[in-house]
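**Student:** Letter by letter, the chains look like this.
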Amino acid sequence: MKEHLLGLEGYTGDEILEILELSKTFRQVLDRDVKRLPTLKGITVANLFFEPSTRTRMSFELAEKRLSADVINFSASTSSVKKGENLRDTVDNIGAMKVDMTVIRHGAVGSAQFIAKHCKTVVINAGDGAHEHPTQALLDFYTIREHFPDFKGLKVCIVGDALHSRVIRSNVFGLKALGADVTLCAPSTLLPMGVESWGVKVNCDIEEAIRGANVVNIMRLQLERQTAGYIPSLREYGIVWGINSELVDLMDKDHIIMHPGPMNRGVEITQDVADAPESVILPQVTNGVAVRMAILYLLAPRSGDIHE
Amino acid sequence: MENETKFVIKGGRVIDPANDIDEVLDVYVEDGMISRIGGKKNYQDRAVIDATGKLVMPGLVDIHTHLREPGREDAETIQTGSLSAVRGGITSICCMANTTPPVDSSAGVRFIYDRARYAHCWVYPVAAISKGLKGEELAEMFDMAMAGAVGFSDDGRPLSNAQLLRNAMTYAKMFELPLMLHEEDLTLSSGRHMHEGVASGLAGMQAVPSVAESGMIARDVLLAEFLEARIHICHVSAKESVDVVRVAKERGVDVTAEATVHHLLLTDEDVVASGFDSNFKMNPPLRAKDDLAALIEGINDGAIDAIVTDHAPHPPEDKDCEFAVAPFGVIGLETSASLVYDKLVRPGIIDVKKMVELMSYNPARIVDISAGTLSQGANADIAIFDPEHKWTVSGRAMASKSRNTPFEGWELTGKPVWTMVGGEVAFDELSR
Ligand SMILES: [Zn+2]
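Chains as they are written, first to last, in the numbering used here: chain Z, 1 to 308; chain E, 1001 to 1432.
FYI, nobody ran anything at the bench for these hints, they're computed from the structure.
Any given hint could turn out to be false.
To be verified - Listed below are the simulated DMTMM-like cross-link pairs for lysine to aspartate or glutamate, each with C-alpha atoms no more than 25 Å apart in a straight line: (1) Lys1289/E / Glu3/Z; (2) Lys201/Z / Glu1269/E; (3) Lys117/Z / Glu1023/E; (4) Lys1343/E / Glu1023/E; (5) Lys65/Z / Glu18/Z; (6) Lys117/Z / Asp1243/E; (7) Lys176/Z / Glu1411/E; (8) Lys176/Z / Glu1023/E; (9) Lys253/Z / Asp275/Z; (10) Lys1289/E / Asp1143/E; (11) Lys120/Z / Asp1318/E; (12) Lys176/Z / Glu146/Z; (13) Lys2/Z / Glu1411/E; (14) Lys117/Z / Asp1320/E; (15) Lys1343/E / Glu1411/E; (16) Lys120/Z / Glu1317/E; (17) Lys98/Z / Asp1270/E; (18) Lys98/Z / Asp1320/E; (19) Lys120/Z / Asp275/Z; (20) Lys2/Z / Glu1269/E; (21) Lys155/Z / Glu246/Z; (22) Lys1353/E / Glu1411/E; (23) Lys1289/E / Glu9/Z; (24) Lys120/Z / Asp1320/E; (25) Lys1239/E / Glu196/Z; (26) Lys120/Z / Glu1408/E; (27) Lys1390/E / Glu1408/E; (28) Lys117/Z / Glu1408/E; (29) Lys117/Z / Asp1318/E; (30) Lys117/Z / Glu1269/E; (31) Lys1289/E / Asp1243/E; (32) Lys117/Z / Asp1270/E.
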């Protein structure tokens, strides 16, 4: 394990599997009556959220508390951080309070790297712009692995805004390392330059993209994409790329349906698909806590000494 | 007895493209001018500068510099910027108008000249094309031309309004000064931070496509062709832009173009490799490898006329932040000559004569200032360059008030070691 978790780019399949394997232990803890471990006793973790994200923040906070860490939270929308109060000062100030680990969500690409470079703290990237969101991808992989133990050749179809999605980037980096067979599907305006060099299949036709897939991972579509002119309307997106049960019928018989949440029901996913028996959207949320516990454990300073 | 107004620079390899000179000769200076090159040796009654083993070239000319005075003297002043220049072998700089307030009146032009009296090198103001750099109404170009502006530019911002630019081109013909155009289609570039390509796609960075630049250059060379006007294209960065300029020249358009040192040496992959260090953020952005190759081709075949620094100082408190928030720009006055020599001349990509053409002779012609040559009677603006001097780039060690260089820590071979401006020694590392 590296010093920080900034992104999955550069991770090997084995490194990822190691994290997933360890996450299992913590996942079992969550099913116990006493869900708390003393593992991070004496460790202070700061959750810095410069973008609103209730779910990810709660998931991290819960993971930290389950491991008995001391937790402080800082939330500010990037725009409300006043000029002159820059990111480095904010983090330095929090660091001066002797924080050991920092979980950061920020709208700027590279913000986690920036903190890792300039501040004395272990950094866990909880999303930096459209760059990476490694813990989300890891919990996606954990959830996939509960159903499909072997990633080699597993057909994964990712549907959504590849231009702006950090979840897609982290998923692509990790799934490629794990040997999965990945197809990206999005409107052509929401595919980034150079996507053909990512080593995944790209297909704007959702019927072709989803056919035979074992996993479909459906991304949330932001309303801003309409106002910025990338797509004509959410309605049209829903008609063409929204995942409904007819499309799910094209998948492999053995399949699961994923979504990182929060869902726009009726836009990128229909109600019946979201609530289908094959939907693992809620287990994703539970697994997220376990995976984040594993990451915290692996990165905690001198975790070996603290571990009992 | 030594005479302070008489010098001889002896034994150096003199490179003067204006006179097609490349040989070991002595250069004689009297009363602030080049009195002769070569001829009968006379080391009496004058200061003798031993340039054996060194290159002696006309002082370099940087036609794209931001000095931040007035308004942001914390980032750079005319005094500190010009000191940085002479330490880089540069003896003339043209400073852009985007100060606070902008240089958009004759009073502004006179302010620059007034301040320049205490500068370490010649400083020439480039004045605004539009009032307040707003791109709406023409600034008083005639008045500013009479006050001594050497060119006009809204640099930092494009002229989106083609009608306004048309009038500026036509108007500027009356006083034969170049319009120096920053080319950018804001509808394609606003709120974007790096070049759009494979690297930005992988990084998820909001990115500027090359066509934001090349498309505007195409519009403007066609406009210049139509009006028979003269234009200069600032910081060409994309391969398509080089093609457009080349074609325009073939069609007889009166256009010149410049490329920056950083666009000739760095790419978007360096942005990613730096971990999104804001010292790799500039406008136009660092492009892809094939763009860099096209720029090199352009300086070799004449599509690109000049190499500039686009020296854009920003203090650490402005640059020390996440990439998306940081202002555009990097400093370059103190590193340009060494970088071009070490990375382009030493590997044989260009020869040293070409370097002097691109960094001294040609830029001086573009803004029509008396510089860029060692001809008899020319201003004694001279740079001595030590091709073997090894040094390491350090932002902190520079004379600039800012230290936002993307070349921090680079180990370079070759350095300006002695600079003369108008017959006075402005920088001397030679005797050390
Ligand atoms: Zn510019």
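**Student:** Does aspartate 1318/E sit within 25 Å of lysine 117/Z, going by the straight-line distance between their CA atoms?
**Tutor:** Cα-Cα ~17 Å, so holds.
**Student:** Take the C-alpha atoms of lysine 120/Z and glutamate 1408/E, compute the straight-line distance between them, and say whether it is at most 25 Å.
**Tutor:** holds (22 Å)
**Student:** Check the hint pairing lysine 1390/E with glutamate 1408/E against an upper bound of 25 Å on the C-alpha distance.
**Tutor:** holds (15 Å)
**Student:** Take a quick look at whether lysine 1289/E and glutamate 3/Z sit within 25 Å of each other, Cα to Cα.
**Tutor:** Given that 25 Å is the threshold and the Cα spacing comes to 31 Å, the pair is violated.
**Student:** Holds or violated: lysine 176/Z and glutamate 146/Z, Cα atoms, limit 25 Å.
**Tutor:** Roughly 18 Å separates the two Cα atoms, so the pair holds.
**Student:** Mind checking the alpha carbons of lysine 120/Z and aspartate 1318/E for me, to see if they're no more than 25 Å apart?
**Tutor:** Measuring from Cα to Cα gives roughly 21 Å; hence the hint holds.
**Student:** With a cut-off of 25 Å on the C-alpha distance, tell me whether lysine 176/Z and glutamate 1411/E pass.
**Tutor:** violated (38 Å)
**Student:** Hint check: lysine 1239/E vs glutamate 196/Z, CA-CA at most 25 Å. Holds or violated?
**Tutor:** holds (21 Å)
**Student:** Just to be careful, I want the Cα atoms of lysine 201/Z and glutamate 1269/E compared with a cutoff of 25 Å; is the pair within it?
**Tutor:** Within the cut-off at roughly 24 Å; holds.
**Student:** Between lysine 117/Z and glutamate 1408/E, does the CA-CA distance stay at or below 25 Å?
**Tutor:** The given pair, whose Cα atoms are some 16 Å apart, holds under the 25 Å limit.
**Student:** Within 25 Å, alpha carbon to alpha carbon, are lysine 155/Z and glutamate 246/Z?
**Tutor:** At roughly 18 Å apart (the allowed maximum being 25 Å), glutamate 246/Z and lysine 155/Z satisfy the hint.
**Student:** Within 25 Å, alpha carbon to alpha carbon, are lysine 98/Z and aspartate 1270/E?
**Tutor:** Since the Cα atoms of lysine 98/Z and aspartate 1270/E sit roughly 34 Å apart, the hinted pair is violated (cutoff 25 Å).
Of the numbered hints stated above, those contradicted by the structure are hints 1, 3, 6, 7, 8, 10, 13, 17 and 19, listed in ascending order.
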